[in-house]
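Number of protein chains: 4
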Amino acid sequence: MSSFGTLFKVTTYGESHCKSVGCIVEGVPPGLALTEEDIQPQLTRRRPGQSKLSTPRNEKDRVMIQSGTEFGKTLGSPIGMLVLNQDQRPHDYGEMDVFPRPSHADLTYIQKYGLKSSSGGGRASARETIGRVAAGAIAEHILKKINNVEIVAFVSQIGNVAMNRDCNDPTFLKILNTATKDSIDATGPIRCPDENVKDEMVKVIEKHRDSNDSIGGVVTCVIRNCPIGLGEPCFDKLEALLAHAMLSVPATKGFEIGSGFEGVKVPGSKHNDPFTYDENLKRLRTTTNNSGGIQGGISNGENIYFSVAFKSAATISQEQPTSTYDGKDGVLAAKGRHDPSVTPRAVPIVEAMAALVIMDQVLIQNSRTSTIDMLKKH
Amino acid sequence: MSSFGTLFKVTTYGESHCKSVGCIVEGVPPGLALTEEDIQPQLTRRRPGQSKLSTPRNEKDRVMIQSGTEFGKTLGSPIGMLVLNQDQRPHDYGEMDVFPRPSHADLTYIQKYGLKSSSGGGRASARETIGRVAAGAIAEHILKKINNVEIVAFVSQIGNVAMNRDCNDPTFLKILNTATKDSIDATGPIRCPDENVKDEMVKVIEKHRDSNDSIGGVVTCVIRNCPIGLGEPCFDKLEALLAHAMLSVPATKGFEIGSGFEGVKVPGSKHNDPFTYDENLKRLRTTTNNSGGIQGGISNGENIYFSVAFKSAATISQEQPTSTYDGKDGVLAAKGRHDPSVTPRAVPIVEAMAALVIMDQVLIQNSRTSTIDMLKKH
Amino acid sequence: MSSFGTLFKVTTYGESHCKSVGCIVEGVPPGLALTEEDIQPQLTRRRPGQSKLSTPRNEKDRVMIQSGTEFGKTLGSPIGMLVLNQDQRPHDYGEMDVFPRPSHADLTYIQKYGLKSSSGGGRASARETIGRVAAGAIAEHILKKINNVEIVAFVSQIGNVAMNRDCNDPTFLKILNTATKDSIDATGPIRCPDENVKDEMVKVIEKHRDSNDSIGGVVTCVIRNCPIGLGEPCFDKLEALLAHAMLSVPATKGFEIGSGFEGVKVPGSKHNDPFTYDENLKRLRTTTNNSGGIQGGISNGENIYFSVAFKSAATISQEQPTSTYDGKDGVLAAKGRHDPSVTPRAVPIVEAMAALVIMDQVLIQNSRTSTIDMLKKH
Amino acid sequence: MSSFGTLFKVTTYGESHCKSVGCIVEGVPPGLALTEEDIQPQLTRRRPGQSKLSTPRNEKDRVMIQSGTEFGKTLGSPIGMLVLNQDQRPHDYGEMDVFPRPSHADLTYIQKYGLKSSSGGGRASARETIGRVAAGAIAEHILKKINNVEIVAFVSQIGNVAMNRDCNDPTFLKILNTATKDSIDATGPIRCPDENVKDEMVKVIEKHRDSNDSIGGVVTCVIRNCPIGLGEPCFDKLEALLAHAMLSVPATKGFEIGSGFEGVKVPGSKHNDPFTYDENLKRLRTTTNNSGGIQGGISNGENIYFSVAFKSAATISQEQPTSTYDGKDGVLAAKGRHDPSVTPRAVPIVEAMAALVIMDQVLIQNSRTSTIDMLKKH
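Each protein sequence line maps, in turn, to chains A, V, Y and W.
Its first residue numbered 1, the first sequence is counted upward by one per residue in the UniProt record's numbering.
Its first residue numbered 1, the second sequence is counted upward by one per residue in the UniProt record's numbering.
Its first residue numbered 1, the third sequence is counted upward by one per residue in the UniProt record's numbering.
Its first residue numbered 1, the fourth sequence is counted upward by one per residue in the UniProt record's numbering.
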């Protein structure tokens, strides 16, 4: 379905070639200062056409709040939001009407729904993520206020150029501890905070752009100051919800939390995160963070960090031998310019999805703790 | 919460030290032949204590159907199932009452719920997975009948000994195409079908067992004959649901579908799966399968394959410097023998979770296609 | 929350004084002919200001489809719809800023959300029902196509003037069997098909209008040609879902299905609906229909009929002794003209909510029957 | 489906002729004192065979907690509970194998599921309500502790003998304000607290019992000390959730809140509940309560009261002309003794369903208020 979340819930609508895309956000607490200015920046960061590294289609993407606020404050009712579709160009995909684009959703869409849409893959489109980013921006806005939660994503790999993502590596650890949205954006359109690899990453993208090809990458995200105790211990472990959220983003192929796939090589005696008492916080903390801030499915107050694999973009201008819809061999070359790497642009989408997960779990855990408090009083 | 699924839904209860663990399964179609004999084998495969490679606690784990069947056929009503807890030994965890076990759920459980349970991490326990495996066995049973769906998981990595998981590798491709539960079990407790690496994997586990340590691994799973058109294009992409399912299994750290994290290194021109017409099936297929059987969030009829990273088991008999609950430095050594690698035992759990996802999506897509058919008739 | 339904789901947003009200409808099958012309008529029927019997505020209420259709056909993706708020007049409620309106949602809104909104009761407003009616119109449109389902509501009582609602009464039975939306609207703004009582009903409303008072009523609704087998036998009995739907409409105080509250007086020997074989339909039917078309929570193919009680409108121009927000006794008289009876205007809202329930259950039951069919084939 | 609730959620399983019936309850706060002794009394009150007024089948119905508690305290994990089916007597329904019982679920069950079960209507059975009552008892237990919530149901009508249910009637008002479960049970098996009508009610039941017939009735329920602010203003108005809950109970035909169906006859000027300032509570209250404790879908702190219509039991020993499954006219007479009125026995079921609704809404509203508090602190 088109909803995500239980108490903090977003429902999105819209595809590439309709009047608008948008969403309804439920669960926003009343009395919160909120205007379009709190939401637009993340939409602007998501927008394509911002640099030579991404597609030149300049979509304006101005968000318009429809409901749920009054005099700049939330009412507690659902926030309706929409962004008009301006740059529709429905005829630009001409040749694709003959060819299903390889590794795109054109064919599976028809197999599922029994018909072809002019957007090809319908809702499985980058444009659908606008509603998510708008909703995620509200979630981040609230999380910032209630617990100074910081959610920062960045590019950690392009092609085979990767930063070390071991949390015991000092460079990576420092990035996890200090990177901000501003510092990430200050690194340029590549959005990579590791000086040792970022220039090389740019070169890899440029090389693939110049050969009308595309290349994949990895986005890593850190959540700082996440409230302790979030996540449900069984099916809705916090990492499971994050994995769900991330793999629902178009073009993703993998998710790992904490030590991830590399961590399986580390014996328990080294992988386990020992406890120590923190005098300032007056509570136990872990001395290492291979767990990635989640243990037994529940946040433990350490930095939550995870990585998301994005495949190379499916749409390339290079000629590809493939088949037409009606089964004839042929060669497809997508017209126009296309994103050589969607990875840097995915940064605000990853942040948005992370924020949606955390905000929903805050509401659920708040329900539990406040009910425990009521029981204790009586 | 403790439910998973929308139309095919399992709700589980139970932890390590209570009377029973069990589940309620909703959405089982009526008129299906089903007895405990269809469910028990997967529970038996999940059971610890089956080999020198896993923990010697011999839990019997006999499933008892409580409701929803009559004369060996399903009624269409919920299937209640339970397994008695026999080997509870609540006092065996003595020293752990002083120490929160590192990288276990003991501390986060207290942080979340405000109290300590004798099972430590409560529901975040391997024992909770019994209900999932029982429910998953029913799902597999149905999927087999309606579309000859085959779900087979196996160990593809232990520590740093890994099989090549590139679907363009002939050995891996052959395994994806031909492995069966029986052939996997025939490889021994290691459950690895790759002759080139399995013996080395066993050695890695034995080495860690002998040093009272543990080691992680990767389970890969293939779903063959999955109906085309499953998955919802936005938040509930099929890979997102699988990722959610897999990361909800205890001790998991990562998930990847198709080409996964390695795939980000491959340019679009090579990563894209070209289409070709299949004369036998009378439909388009892809000539490669980097997509892993899912495109735009929707199954395309190719083999779905994915991998799940399992960390090294947190409970080891080796001494670990850590802190007590009340903040005093100390050294913890878990008594008794512990699983040096949970990875091989996770095989049926991964299969069960995969089956639950696919079955639920079959019901949802069946609703759509049958409604489309009704529209066409009128 | 602001969603209703499982597979056919509507999520609404908007209150009286924001930019627009609208909804997202999920679960609409692809390939269906659908334009705004299929939706607008029910919105127009819902609109206030159509007669001397209702409030003169003339809201235009033009629905605009945002997404989910292309070239007049549905895509299978969510249908976003909105209606602009034109006649906001936020200052008309001046005195109500001092007084919480009795039996309105002004005070409970503040108690729940901790703040006052200029609409008083926020989402508990008649205007919110626009999204429901738009979604319900789509549901009715589909139901008509797939099974010739007819959903017709009408006024059966105003104040103490009531038609006989016993299904064994020939007049009532004839109305249940033959009334159409057109025939109901042809009776005038009172929307009552019983010639014996309709004129008296009009007089009752006029009497209360002339004394600046209001009066309640009952809307009865019949669903003809409802598919057999809808409803889930436990918590989601069909009548339970209808009751939920109806009591969620503003100003409702009661719901009854079939024989309803009067039926409790009838002994089982007379209340039971005997079976008889119908040669034309080649199946059993009941000879009477005290059950109201639902038995054991499941539709049986007979007419489903139910009634909904609407209280007298809370907003009246007459002076009412009450208290101000800050606890001072005073007298409130709402300015302007107000609906003396909301009951006739509720007719399309009742129909919409009924359609949403039935459509959702069709999708759920279709999932079951098509899966049973798959099992039988193998 | 077989679940009810969002955060406080019960999932039930079981029908008349299986090993056990039971449920899983999610959302129970940790640290709560809870044993089977807190649950059994309501199950015992629900049990048939307690008096000459109800069926003599003496089912033992001992609840056994399976999980979620330790040393008499809840863990925060799901509470699994079951009751063994002892008195199954599957062969007692012999003749009913030929006849679908009129106004029972036998036929619709087959129409929905495509097969016959030995229980006839499967889950649409009184026995299924055991899981609900067990779950509801836990909810009531919590509500009592956190806000001294009192939920008391009683019989207010049998056949055409009814107490005055107008909240402005002194006798009815006194009952709403003072009745307790104990005082209700002290009135005998009729469970009617109105001395003026209870003896006559008993006679009505006896008369129908003696003629092998059955008769319906009305159960009224009051919820005192309900927290203010419960219910969501749109689809999940508190009265809508209560209506859903009540109409999901077998044999119900109607629901009304506050003034209900009679209230439609009262003009707004009399029906509106004026506000007045309460010096003790330091807040506004209403001087009358036609609203039934809910305004705009949200609880306002006044007594919530509602009534539920129960039809005459469908199973009677009297001969009924009807048709066999295969369409032959015949006469059915159910063997054995049957409940002449299910109404008094429904009292604890109504209480249980009310408690489930209120508890779930407490958790949801607690989430909101505690999040508002977090926002205010920062």
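Certain hints may be false.
With a Cα cut of at most 20 Å, we get these calculated DMTMM-like pairs of lysine to aspartate or glutamate [what the hints assert, rightly or not]:
1) A:Lys270 with V:Asp210
2) W:Lys145 with A:Glu36
3) Y:Lys19 with A:Asp329
4) Y:Lys282 with W:Asp213
5) W:Lys116 with V:Glu70
6) Y:Lys270 with W:Asp213
7) A:Lys116 with V:Asp373
8) V:Lys270 with A:Glu36
9) V:Lys116 with A:Asp213
10) A:Lys19 with Y:Asp278
11) V:Lys270 with A:Glu319
12) V:Lys282 with A:Glu36
13) A:Lys270 with V:Asp373
One-sided excerpt, in silico: chain Y residues whose CB lies under 10 Å from chain W [unchecked claim]:
14) Met1
15) Phe99
16) His104
17) Tyr113
18) Gly114
19) Ser118
20) Ser183
21) Ala186
22) Ser269
23) Gly336
24) Pro340
The set of hints was computed from the structure by calculation and includes no laboratory data.
Beta carbons are placed, not taken as given, at the ideal position from N, Cα and C, and that holds for glycine.
Each hint tested on the structure:
{"no.": "1", "hint": "A:Lys270 with V:Asp210", "in the structure": "holds (16 Å)"}
{"no.": "2", "hint": "W:Lys145 with A:Glu36", "in the structure": "violated (43 Å)"}
{"no.": "3", "hint": "Y:Lys19 with A:Asp329", "in the structure": "violated (51 Å)"}
{"no.": "4", "hint": "Y:Lys282 with W:Asp213", "in the structure": "violated (31 Å)"}
{"no.": "5", "hint": "W:Lys116 with V:Glu70", "in the structure": "holds (10 Å)"}
{"no.": "6", "hint": "Y:Lys270 with W:Asp213", "in the structure": "holds (9 Å)"}
{"no.": "7", "hint": "A:Lys116 with V:Asp373", "in the structure": "holds (17 Å)"}
{"no.": "8", "hint": "V:Lys270 with A:Glu36", "in the structure": "violated (42 Å)"}
{"no.": "9", "hint": "V:Lys116 with A:Asp213", "in the structure": "violated (56 Å)"}
{"no.": "10", "hint": "A:Lys19 with Y:Asp278", "in the structure": "violated (51 Å)"}
{"no.": "11", "hint": "V:Lys270 with A:Glu319", "in the structure": "holds (12 Å)"}
{"no.": "12", "hint": "V:Lys282 with A:Glu36", "in the structure": "violated (51 Å)"}
{"no.": "13", "hint": "A:Lys270 with V:Asp373", "in the structure": "violated (58 Å)"}
{"no.": "14", "hint": "Met1", "in the structure": "holds (6 Å)"}
{"no.": "15", "hint": "Phe99", "in the structure": "holds (8 Å)"}
{"no.": "16", "hint": "His104", "in the structure": "holds (7 Å)"}
{"no.": "17", "hint": "Tyr113", "in the structure": "holds (8 Å)"}
{"no.": "18", "hint": "Gly114", "in the structure": "holds (6 Å)"}
{"no.": "19", "hint": "Ser118", "in the structure": "violated (15 Å)"}
{"no.": "20", "hint": "Ser183", "in the structure": "violated (24 Å)"}
{"no.": "21", "hint": "Ala186", "in the structure": "violated (24 Å)"}
{"no.": "22", "hint": "Ser269", "in the structure": "holds (5 Å)"}
{"no.": "23", "hint": "Gly336", "in the structure": "violated (15 Å)"}
{"no.": "24", "hint": "Pro340", "in the structure": "holds (9 Å)"}
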